[in-house]
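Peer 1: Chains D and F, in that order, are what the protein sequence lines are. The C-terminal residue of the first sequence carries number 196 in my numbering, and the numbering is unbroken. The C-terminal residue of the second sequence carries number 196 in my numbering, and the numbering is unbroken.
Worth flagging that the hints you see were computed from the coordinates, not collected in a lab. Please note that a few of the clues may not be correct.
Said to hold, decoys possible - Pairs of lysine-lysine residues, derived as BS3-like cross-links and limited to a Cα-Cα distance of at most 30 Å, are as follows:
| no. | chain 1 | residue 1 | chain 2 | residue 2 |
| --- | --- | --- | --- | --- |
| 1 | D | Lys154 | D | Lys188 |
| 2 | F | Lys40 | D | Lys22 |
| 3 | F | Lys188 | D | Lys196 |
| 4 | D | Lys188 | F | Lys8 |
| 5 | D | Lys140 | F | Lys14 |
| 6 | D | Lys22 | F | Lys188 |
| 7 | D | Lys154 | F | Lys50 |
| 8 | F | Lys50 | F | Lys76 |
| 9 | D | Lys14 | F | Lys50 |
| 10 | D | Lys22 | F | Lys39 |
| 11 | D | Lys154 | F | Lys154 |
| 12 | F | Lys40 | D | Lys50 |
| 13 | D | Lys40 | D | Lys76 |
| 14 | F | Lys140 | D | Lys188 |
| 15 | D | Lys140 | D | Lys50 |
| 16 | F | Lys14 | F | Lys40 |
| 17 | F | Lys154 | D | Lys188 |
| 18 | F | Lys50 | D | Lys50 |
| 19 | D | Lys140 | D | Lys76 |
| 20 | F | Lys39 | D | Lys50 |
| 21 | D | Lys188 | F | Lys196 |
| 22 | D | Lys50 | D | Lys8 |
| 23 | F | Lys8 | F | Lys50 |
| 24 | D | Lys154 | F | Lys14 |
| 25 | F | Lys50 | D | Lys40 |
| 26 | D | Lys196 | F | Lys154 |
| 27 | F | Lys14 | D | Lys50 |
| 28 | F | Lys196 | F | Lys154 |
| 29 | F | Lys50 | D | Lys39 |
| 30 | F | Lys50 | D | Lys22 |
| 31 | D | Lys40 | D | Lys50 |
| 32 | D | Lys76 | D | Lys39 |
| 33 | F | Lys196 | D | Lys196 |
| 34 | F | Lys14 | F | Lys39 |
For clarity, every value in this text was computed on a predicted model and none was experimentally measured.
What follows is each chain in one-letter form.
2 protein chains.
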Amino acid sequence: LRKGEVTKEYIIEKAAPLFNRKGFSGASISDLMQATGLKKGGIYNHFSNKDQLAVEAFNYAVNQLNLRYAEAVRGKASATEQLLAVFSIYHDVIDSPPFEGGCPLLNTAVESDDTHILLRERAQLAMDDFLRFLGVLILKGVRRGEFRSDLDVKDMAMFIAASFEGGIMMSKLYGDSRYIQTTTAMMKLYIQQQQK
Amino acid sequence: LRKGEVTKEYIIEKAAPLFNRKGFSGASISDLMQATGLKKGGIYNHFSNKDQLAVEAFNYAVNQLNLRYAEAVRGKASATEQLLAVFSIYHDVIDSPPFEGGCPLLNTAVESDDTHILLRERAQLAMDDFLRFLGVLILKGVRRGEFRSDLDVKDMAMFIAASFEGGIMMSKLYGDSRYIQTTTAMMKLYIQQQQK
Numbered sequence: 001l002r003k004g005e006v007t008k009e010y011i012i013e014k015a016a017p018l019f020n021r022k023g024f025s026g027a028s029i030s031d032l033m034q035a036t037g038l039k040k041g042g043i044y045n046h047f048s049n050k051d052q053l054a055v056e057a058f059n060y061a062v063n064q065l066n067l068r069y070a071e072a073v074r075g076k077a078s079a080t081e082q083l084l085a086v087f088s089i090y091h092d093v094i095d096s097p098p099f100e101g102g103c104p105l106l107n108t109a110v111e112s113d114d115t116h117i118l119l120r121e122r123a124q125l126a127m128d129d130f131l132r133f134l135g136v137l138i139l140k141g142v143r144r145g146e147f148r149s150d151l152d153v154k155d156m157a158m159f160i161a162a163s164f165e166g167g168i169m170m171s172k173l174y175g176d177s178r179y180i181q182t183t184t185a186m187m188k189l190y191i192q193q194q195q196k
Numbered sequence: 001l002r003k004g005e006v007t008k009e010y011i012i013e014k015a016a017p018l019f020n021r022k023g024f025s026g027a028s029i030s031d032l033m034q035a036t037g038l039k040k041g042g043i044y045n046h047f048s049n050k051d052q053l054a055v056e057a058f059n060y061a062v063n064q065l066n067l068r069y070a071e072a073v074r075g076k077a078s079a080t081e082q083l084l085a086v087f088s089i090y091h092d093v094i095d096s097p098p099f100e101g102g103c104p105l106l107n108t109a110v111e112s113d114d115t116h117i118l119l120r121e122r123a124q125l126a127m128d129d130f131l132r133f134l135g136v137l138i139l140k141g142v143r144r145g146e147f148r149s150d151l152d153v154k155d156m157a158m159f160i161a162a163s164f165e166g167g168i169m170m171s172k173l174y175g176d177s178r179y180i181q182t183t184t185a186m187m188k189l190y191i192q193q194q195q196k
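Kindly generate the complete structure, drawing on both the sequences and the hints.
Peer 2: In structure tokens, the structure reads:
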């Protein structure tokens with residue numbers, strides 16, 4: 001990496017948690033300057049505008065999470081364990097979040113849906129990836145005879161993702177990790193009901 | 001109502017869908033001026049600041065939804081039907097949303113959790129009410145022997161609310177009501193599994 005690339009990566013790493021906490025609209029230029037310790041020109045040397053920085057920061061945040069998900073499912077014997085391992089990443093979302101500010105997918109989806117086409121498209125692509133990731137885990141469970149063969153893989157992936165994001169929202173709202181933990185416990189029962 | 005009160009109500013009614021679409025940070029003073037057709041002074045005659053207007057607009061939006069929920073469950077015979085009637089309010093969230101911009105509870109929770117104490121407290125109170133509302137429906141179902149008597153009413157209410165809000169988030173993200181409809185279908189199966 002050359003010096004310019006290093007600075008760019010550094011700005012993205014500092015901007016990503018800021019956007020995730022405050023939102024794209026809520027994070028101001030002076031917030032970005034404070035988070036990076038750079039002047040406005042020092043930031044916008046590397047990005048054409050706030051949109052471009054926001055998209056790159058979002059991609060960075062999502063990639064960080066995806067690494068955590070991939071790591072969590074590795075070595076787990078069953079699809080049930082793997083699906084629950086995904087939830088475990090947010091087990092202590094309040095005191096030890098996998099990414100500062102909660103789930104970037106949830107935060108960006110909710111902020112961008114009516115207002116920001118570019119970020120919304122990025123959030124759609126990231127959600128596509130997450131649903132596909134869950135779908136692959138479920139399908140493996142079906143193929144190895146762990147889950148009922150008549151279940152709808154896509155619907156189940158969607159339901160798991162919706163409950164997961166809703167549980168994170170609740171925990172973040174109340175500042176209490178018990179909400180995502182309860183959601184995980186309920187989801188465990190639900191997933192077990194899909195077993196043969 | 002006196003003239004000042006009329007104007008105040010009018011501003012709240014116009015501001016509420018704007019905040020719900022664009023968010024508290026995303027909606028600017030000029031957005032508010034455009035939505036109301038009033039000048040800045042004409043708006044802030046009635047509110048001490050943007051925070052106060054946002055809180056009143058949020059309360060208004062939540063009250064509108066609560067009326068819809070109360071209406072939806074009325075006359076339904078069983079707790080199962082009543083719980084599904086709550087979901088039905090968002091059945092066509094894209095083309096015919098119960099409130100412009102999606103669920104104000106979800107939107108405000110996600111925006112305020114790390115940044116805006118006042119709105120977050122209001123969102124917590126509104127979520128408390130929603131969880132209590134669902135809890136009462138579930139408890140009635142337990143008491144009349146419709147649901148298993150050993151289920152945890154609070155956990156079930158929380159799980160239903162989390163899945164519901166997550167399903168709305170998905171539909172809004174993709175601009176497609178099928179996500180909340182699939183969530184509703186999955187929730188129907190889940191609720192039926194709680195029957196005796």
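Peer 1: State for each hint whether it applies.
Peer 2: Taking the hints in turn, this is what the structure says about them:
With a CA separation close to 18 Å, the supplied pair D/Lys154 and D/Lys188 stays within the 30 Å bound. Distance check on the hinted pair: F/Lys40 and D/Lys22 sit about 25 Å apart at the alpha-carbon level, within 30 Å; holds. Of the supplied pair hints, the one linking F/Lys188 and D/Lys196 holds, its CA atoms being roughly 20 Å apart against a limit of 30 Å. Using a Cα cut-off of 30 Å, the hinted pair D/Lys188 and F/Lys8 is violated, with the two alpha carbons roughly 48 Å apart.
Of the supplied pair hints, the one linking D/Lys140 and F/Lys14 is violated, its CA atoms being roughly 50 Å apart against a limit of 30 Å. In summary, the hint linking D/Lys22 to F/Lys188 is not supported, as the alpha carbons are separated by about 35 Å, beyond the 30 Å threshold. Proximity of D/Lys154 to F/Lys50 is assessed by CA-CA distance (about 42 Å); at most 30 Å being required, the pair is judged violated. Simply put, F/Lys50 and F/Lys76 have alpha-carbon atoms about 40 Å apart, too far for the 30 Å limit, and the pair is violated.
Note on D/Lys14 and F/Lys50: the hinted pairing holds, with a Cα-Cα distance of about 29 Å set against a maximum of 30 Å. At roughly 28 Å between alpha-carbon atoms, D/Lys22 and F/Lys39 fall within 30 Å of each other, so this suggested pair holds. The suggested pairing of D/Lys154 with F/Lys154 holds, with an alpha-carbon distance near 29 Å, which does not exceed 30 Å. Restraint check for F/Lys40 and D/Lys50: the C-alpha separation of about 27 Å stays at or below 30 Å, so the hint holds.
Proximity of D/Lys40 to D/Lys76 is assessed by CA-CA distance (about 46 Å); at most 30 Å being required, the pair is judged violated. Straight-line distance between C-alpha atoms of F/Lys140 and D/Lys188 comes to about 26 Å, which keeps the hinted pair within the 30 Å bound. Of the pairs offered as hints, the one joining D/Lys140 and D/Lys50 is violated, with about 41 Å between alpha carbons and a cut-off of 30 Å exceeded. For the given pair, F/Lys14 sits about 14 Å from F/Lys40 by alpha-carbon distance, which is consistent with the 30 Å threshold.
With a CA separation close to 17 Å, the supplied pair F/Lys154 and D/Lys188 stays within the 30 Å bound. Under the criterion of a C-alpha separation no larger than 30 Å, the hint pairing F/Lys50 with D/Lys50 is consistent with the structure, at around 24 Å. For the suggested pair D/Lys140 and D/Lys76, the alpha carbons sit about 12 Å apart, so the restraint of at most 30 Å is met. Restraint check for F/Lys39 and D/Lys50: the C-alpha separation of about 29 Å stays at or below 30 Å, so the hint holds.
Between D/Lys188 and F/Lys196, the direct Cα distance comes to roughly 20 Å. Compliance with the 30 Å bound is thereby established for this hinted pair. Proposed proximity of D/Lys50 and D/Lys8 is supported: the alpha carbons are some 13 Å apart, at most 30 Å. In summary, the hint linking F/Lys8 to F/Lys50 is supported, as the alpha carbons are separated by about 13 Å, within the 30 Å threshold. With a C-alpha separation of about 39 Å, the suggested pair D/Lys154 and F/Lys14 falls outside the 30 Å cut-off, and the hint is violated.
For the given pair, F/Lys50 sits about 27 Å from D/Lys40 by alpha-carbon distance, which is consistent with the 30 Å threshold. A distance of roughly 29 Å separates the Cα atoms of D/Lys196 and F/Lys154; the hinted pair therefore holds under the 30 Å criterion. The suggested pairing of F/Lys14 with D/Lys50 holds, with an alpha-carbon distance near 29 Å, which does not exceed 30 Å. Proposed proximity of F/Lys196 and F/Lys154 is supported: the alpha carbons are some 18 Å apart, at most 30 Å.
Proximity of F/Lys50 to D/Lys39 is assessed by CA-CA distance (about 29 Å); at most 30 Å being required, the pair is judged to hold. Between the alpha carbons of F/Lys50 and D/Lys22 the distance comes to roughly 17 Å, so the proposed pair stays at or under 30 Å and holds. A distance of roughly 11 Å separates the Cα atoms of D/Lys40 and D/Lys50; the hinted pair therefore holds under the 30 Å criterion. Under the criterion of a C-alpha separation no larger than 30 Å, the hint pairing D/Lys76 with D/Lys39 is inconsistent with the structure, at around 46 Å.
The hinted pair formed by F/Lys196 and D/Lys196 meets the criterion: a straight-line CA distance of about 22 Å does not exceed 30 Å. Note on F/Lys14 and F/Lys39: the hinted pairing holds, with a Cα-Cα distance of about 14 Å set against a maximum of 30 Å.
Checked against the numbered hints given earlier, this structure breaks hints 4, 5, 6, 7, 8, 13, 15, 24 and 32; the rest are met.
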